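S.K.: Put chain B on the given structure of chain A with help from the hints.
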Amino acid sequence: MSFPVLDEHPRKATDAATLRLFRARTAAWASLDDVQALRDRAYEIRMRAIDDLDAHLGQFVTALEAAGGKAHLCATAEEARATVARLCSGASLAAKSKSMLSEEIELNGALAAAGVEVVETDLGEYILQLAGEHPVHIIAPAIEKTKEDVARLLSAVEGVAIEPQLEALAQAARRQLQRVFQQADVGITGANFAVCETGSICLVTNEGNGGLVTSLPRMHIALLGVERLVPTLDDLSVLLQLLARSGTGQTLTTYTRLLTGPRHADEEDGPEELHVVVVDNGRKRIRDSRYKEMLACIRCGACLNVCPIYRQSGGAAYGTVYSGPMGAVLVPLLRGLEREPGLPHASSLCGACTAACPVKIPLHELLLELRRDLVGERIAPRAERFAFTVWSLLWSRPPLYRLSTRFVRFGSRFAALAGPGRVWAAGRALPQPARRRYRDMR
Amino acid sequence: MSELVDTFVRNAEAAGFEVHRGEAPRIAGAGVSRADYGVAATGSVVLAASHGEPRARHLVPEVHVSLLREDAIVADLAALFAALDGRIPSALAIVTGPSRSADIEQRLVVGVHGPREVHVVLEAS
Numbered sequence: 144m145s146f147p148v149l150d151e152h153p154r155k156a157t158d159a160a161t162l163r164l165f166r167a168r169t170a171a172w173a174s175l176d177d178v179q180a181l182r183d184r185a186y187e188i189r190m191r192a193i194d195d196l197d198a199h200l201g202q203f204v205t206a207l208e209a210a211g212g213k214a215h216l217c218a219t220a221e222e223a224r225a226t227v228a229r230l231c232s233g234a235s236l237a238a239k240s241k242s243m244l245s246e247e248i249e250l251n252g253a254l255a256a257a258g259v260e261v262v263e264t265d266l267g268e269y270i271l272q273l274a275g276e277h278p279v280h281i282i283a284p285a286i287e288k289t290k291e292d293v294a295r296l297l298s299a300v301e302g303v304a305i306e307p308q309l310e311a312l313a314q315a316a317r318r319q320l321q322r323v324f325q326q327a328d329v330g331i332t333g334a335n336f337a338v339c340e341t342g343s344i345c346l347v348t349n350e351g352n353g354g355l356v357t358s359l360p361r362m363h364i365a366l367l368g369v370e371r372l373v374p375t376l377d378d379l380s381v382l383l384q385l386l387a388r389s390g391t392g393q394t395l396t397t398y399t400r401l402l403t404g405p406r407h408a409d410e411e412d413g414p415e416e417l418h419v420v421v422v423d424n425g426r427k428r429i430r431d432s433r434y435k436e437m438l439a440c441i442r443c444g445a446c447l448n449v450c451p452i453y454r455q456s457g458g459a460a461y462g463t464v465y466s467g468p469m470g471a472v473l474v475p476l477l478r479g480l481e482r483e484p485g486l487p488h489a490s491s492l493c494g495a496c497t498a499a500c501p502v503k504i505p506l507h508e509l510l511l512e513l514r515r516d517l518v519g520e521r522i523a524p525r526a527e528r529f530a531f532t533v534w535s536l537l538w539s540r541p542p543l544y545r546l547s548t549r550f551v552r553f554g555s556r557f558a559a560l561a562g563p564g565r566v567w568a569a570g571r572a573l574p575q576p577a578r579r580r581y582r583d584m585r
Numbered sequence: 004m005s006e007l008v009d010t011f012v013r014n015a016e017a018a019g020f021e022v023h024r025g026e027a028p029r030i031a032g033a034g035v036s037r038a039d040y041g042v043a044a045t046g047s048v049v050l051a052a053s054h055g056e057p058r059a060r061h062l063v064p065e066v067h068v069s070l071l072r073e074d075a076i077v078a079d080l081a082a083l084f085a086a087l088d089g090r091i092p093s094a095l096a097i098v099t100g101p102s103r104s105a106d107i108e109q110r111l112v113v114g115v116h117g118p119r120e121v122h123v124v125l126e127a128s
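So the protein sequences, as listed, match chains A and B. Per our numbering, residue 144 is the first one in the first sequence, and the count goes up by one each step. Per our numbering, residue 4 is the first one in the second sequence, and the count goes up by one each step.
No false leads were mixed into what you were given.
A few chain A residues that don't get close to chain B, going by computed Cβ distances all over 12 angstroms:
| no. | residue |
| --- | --- |
| 1 | F146 |
| 2 | T169 |
| 3 | E246 |
| 4 | L546 |
Pulled a few chain A residues facing chain B out of the computed Cβ check, cut under 8 angstroms:
| no. | residue |
| --- | --- |
| 5 | A283 |
| 6 | T289 |
| 7 | L309 |
| 8 | R317 |
| 9 | S343 |
| 10 | N349 |
| 11 | L359 |
| 12 | D377 |
| 13 | S380 |
| 14 | Q384 |
| 15 | T394 |
| 16 | T403 |
| 17 | R406 |
| 18 | E411 |
Anything over 12 angstroms on all C-beta distances counts as not near chain A; from chain B, calculated:
| no. | residue |
| --- | --- |
| 19 | R29 |
| 20 | I30 |
| 21 | E73 |
Derived from the structure by calculation, the hints contain no laboratory data. Being a predicted model, the structure only gives us computed values, none of them experimental. Built from N, CA and C at the ideal position, the CB exists for glycine as well.
Same shape as in the complex, but just chain A:
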């Protein structure tokens, strides 16, 4: 696996966006009285739910069903897709609000195959859907698109040219998506959090599309990662203080909705049915491993914005739904390390991700731990393991170490002749070791 540097335009766009989001987060964190104490509380809240996940899930399901909602527990992505498809049978149009989990379980394709037209309503996701692409950043999905790109895509929908100006583009998208909100049979959303004590789903959006897809269609289906449980509303207030600040630098996301059951009989709008599809897809396996802290992730994207690998290579280079440091840890855990052996190496281990994480996940330590597993479980290539075995054999013995340094001068010439050394040396000049070793100068 390689992480090439992006082309000039997407690189500049990614650089500018991640820098802006980084500055916004640090300013928003500074506006809190004691951000460290809040991060500690957030970590404690997340781990409390994860450590006793089954009991919390049981409490959530009971409260949800008492409020008139229905829970569907799905062990695999396949089961989740089938469940949503079954709930949507008879529907022809589904309006969707942003959900990374729906990308993870590849929902849209399954619904299309079942004859349901799915339209993304988050502006960035809508643009990507029109382009036939996938999100490259958790909270800024279309980070690499220019307004000219967007104008081309939106113009094609209406068959008239739309000016590549921000206002005109936003108005065009509003116009095009209004029909979808009004006519959709089903609204599909993710869930930022689920509150155990009340059975509520918490959903945050800045555009208001989350509100529309949960108000107008007659059915609401919410996809919930089983780990996104929060014990109480008071706990939720702590996480909400950190989510928007860490994601975009806002004090609070513009529309923060708490949805508790379907509409009441006397209400004018809202879904008649609320279904919460709770997806495991490998999460309980992570809960039972020494990587369980990864489940604390609240998907704010802060670690992407500070990561030197993400900032140079962009989200698409990871080739997976989740990118950046959180993706490099989470995806091998969800899919199996043997299927994603390259991802743990997509890091310089500088630790910027760990410092940026609002819930204090030790991301770079988990990456290092995954690399240890690559060797321990013999997933790393035999030659690589052999090279490191020989190296550790030589350099842990002083006489052999001294002997080896004597040959550096010759070795570096040979290193450029074959294997990775040759690739590395193709575009660079190898450093020349000094004629005399430091130890010989005494």
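M.R.: Quick look at chain B alone, frame taken from chain A:
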């Protein structure tokens, strides 16, 4: 009490609300809602779905007006959830400013799906 109101006004204006006192502005086509609470720390209005307060009212019109009693302003989110005291509506919207997006070139545009213009009218207790 008035300190809470002042904090609310400052933060609501920072979030993009126009704050009025006493009299509601007359704007043709505007949606008008009764807010159940205001949150001082974030400058948010809190709208609970109920008979007479549909969920989409604050989202569909291009201009929205929230009527808010000063004594319904609470300090922060924790105080809001405590004030609910177990009476949870089917939908509770905590609204902090106009609909916005930065999805195109990371530049802010308002009024993407929801209102482009939002007002709060403070009513003395």
